[in-house]
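Colleague: Protein chains in written order, with the numbering used here: chain Y, 73 to 416; chain W, 14 to 343.
By construction, these hints were calculated from the structure, which means they are not laboratory data.
Beta carbons: idealized from backbone N, C-alpha and C, even for Gly.
Mixed in with the good hints, there may be bad ones.
Claimed, not checked - Listed below are several chain Y residues computed to face chain W (Cβ distance under 7 Å; list not exhaustive):
id	residue
1	S141
2	L249
3	S250
4	L309
5	A351
6	V352
7	D356
8	V365
Read off the chains here:
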Amino acid sequence: MGAVRATDQERSVGHGEVILDVENLVKHFPLRRGIAQSLRGGPELAVKAVDGVSFNVKKGELFGVVGESGCGKTTMGRTILRLLEPTAGRVTFEDIEVTALSAEQLKQLRTRMQIIFQDPYESMNPRLDVHRIIAEPLRIQGMVSNSKDAIPYIEKALEDVEMTPPEEYLYRYPHELSGGQRQRIAVARALVLDPEFIVADEPVSMLDVSIRGEILNLMLNLSRERGVTFLYITHDLATARHICDRIAVMYLGKMVEKGPTDNLVKHPLHPYTRALIGAVFVPDPKRKGFGKVLKGEVPSPVDPPSGCRLHPRCPIAQDICKEVEPELVPADDNHMVACHFALG
Amino acid sequence: MAILEVRDLKMYYKTLRGHVKAVDSVSFDIERGKALGIAGESGCGKTSMAVTVLRLLPSNGKIHGGSVKLDGIDIVKLDDEEFRKSVRWKKISMVFQGAMNALNPVHRVGDQIVEAILAHEDVPHQEAATRAEELLDMVGINPKRYKEYPHEFSGGMKQRVVIAMALACNPDVIIADEPTTALDVMVQSQVLKAMEDLRKRLDLSMMLITHDLSVIAQTCDNIAIMYAGKIVEYGNVIDVFDNPTHPYGMGLVKSFPNIKAERTRVRSLPGFPPNLLAPPKGCRFHPRCPLAGDICMEEEPELIEIGSNSHKVACHKVDMLERGVNIWEQ
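I would like the entire structure built from these sequences, with the hints used as guidance.
Modeller: Here you go:
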């Protein structure tokens, strides 16, 4: 079991130094049009995956981004790292403007910003052994000249992810490892460059429940003991609730609410957050009951609803919601919400 | 009386390296109108057990003993043709895992339900089509969408279609294998609500297979926790969730994150499940168990009743556990 005590988790947030600042980030994926359509003119269509998102992450924080599939959380994570080029907006990492960097500068920044992908079965080359998988970032960054030099780094990374003794795993191939071990390798690969910031995109959703805790606790330890900052992207509010310092909720490319975890989970303000929390099943048969869920389904991000994007499904929507898009405004102490009626 | 009575069921896959004992002496009952949840990690034999009951085994899978009594008749003993004609889909049907992709993309949704009906019943096409519309209506889809194709449906709706298909021949028992795993929480809640309503209305018995304990807690009456091809803990959901007693069951229940609970550290169970080609001797959980002693390495524990309400646990150290020590706490 993990070494971090519950009390250590309850740190005050909101006073730290900002490490990542995202300003009005936009990512649209243009849709291809047929010849006839483009001749006829008309508006360019695009999937508005991320449509104006602003937030910041503080040093050493575990910041959770939660939302249903298609809300743009993964696209946002990748756009922040510029694995996808943003359509508009600005990302600043410490004092470096990530969105203005050249390819060469970006490559240098990769030593400080890394990512862990969702699927440990697909994010690794099956033909490389553990040693070569973890050595790859070092080789790309030119930090080692040959594979022998890489060994100390690799062994340290393996120890960091509690795969000990490292020699036992160095020459194994991904198929010889369990899902949890593979995801540890993915974490080790992200850690080998000693980054300050890691985007963890659904790092446990492919794993069995009994081993999810291992990876989550690992992230928690890295953040508490080494000060690594995490952007934890997930659809699972229940795990975010237990490891994140702050949580932001996304719906159709927009951030609808963000705040300190306890506050947000216990006193959600936005109708979408309330529905999302209500829909999460509780592993307790004495608290039976299906929460009230929103009617209908998530509309297409190509042509999102006008005004507040939730209005066609929202139980408290009024006329203003159809026309005016609500801004993310402070409700109290670091808790922000984008709803015309959330604040009474 | 139990509608489904499984006793000592064994199903092994034959491979070049020997038998994989995917289902090894599994016994349980499902009462009429009740739901049993089968929980466990990937590879513990949950799905294998479901396909064994429905006799949909791949060519290398074979039943090596045991019985499956449906309404008193041992359906393991029926020959294939008779099983197909009188049991599969008419008495027991199944909602498959990844059902969203189980629909044929080039056929109309309604026609696919009709196909399921006509494969099992000798009725005119028109009658089957009418029934397909009723079924769509029953799972909360507008029957007008009969003529649409799967790509015009969202994930949750496709899942409803597959449920409608499973209900096509009015079965007594429905096996749902991870019916909501690929769905978002809100859609999951909608689909499970629909299933629950149907189950009550049609007095269906259900076997729900999932790794998601919260789904079982919310929808089932009983739970069986499987580990490495065996049931290690069985009982009423309230007993098992309140007082999980097998070390594995306890670890699994306690490691499941609960959004309504106060913030705690996330727990995990160290290690990983054994290779079923050569499962550990004695108790299959002993290599991961903090309580394991000599007897655990030698003798396989039996599933025995503890307390009341037929809460059963297969563990040699059950006396120690009954006192409520949390062995995973450090």
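Colleague: Does each hint fit the structure? Answer for all of them.
Modeller: Each hint tested on the structure:
1. With a cut of 7 Å, the hint placing Y:S141 at the interface with chain W holds, because the nearest CB-to-CB distance is about 6 Å.
2. Proximity of Y:L249 to chain W is violated relative to the hint, the smallest CB-CB distance being about 10 Å (cut-off 7 Å).
3. At about 4 Å, the closest approach between the beta carbon of Y:S250 and any beta carbon in chain W falls short of 7 Å, and the interface hint on this residue holds.
4. Evaluation of the Y:L309 hint against chain W yields a held restraint, the C-beta minimum of about 6 Å falling below 7 Å.
5. About 4 Å separates the beta-carbon of Y:A351 from the nearest beta-carbon of chain W, less than 7 Å, and the hint is met.
6. About 5 Å separates the beta-carbon of Y:V352 from the nearest beta-carbon of chain W, less than 7 Å, and the hint is met.
7. Residue-level restraint check for Y:D356 holds (minimum Cβ-Cβ distance to chain W is 6 Å; threshold 7 Å).
8. Hint status for Y:V365 relative to chain W: holds, with the closest Cβ pair at about 5 Å, below 7 Å.
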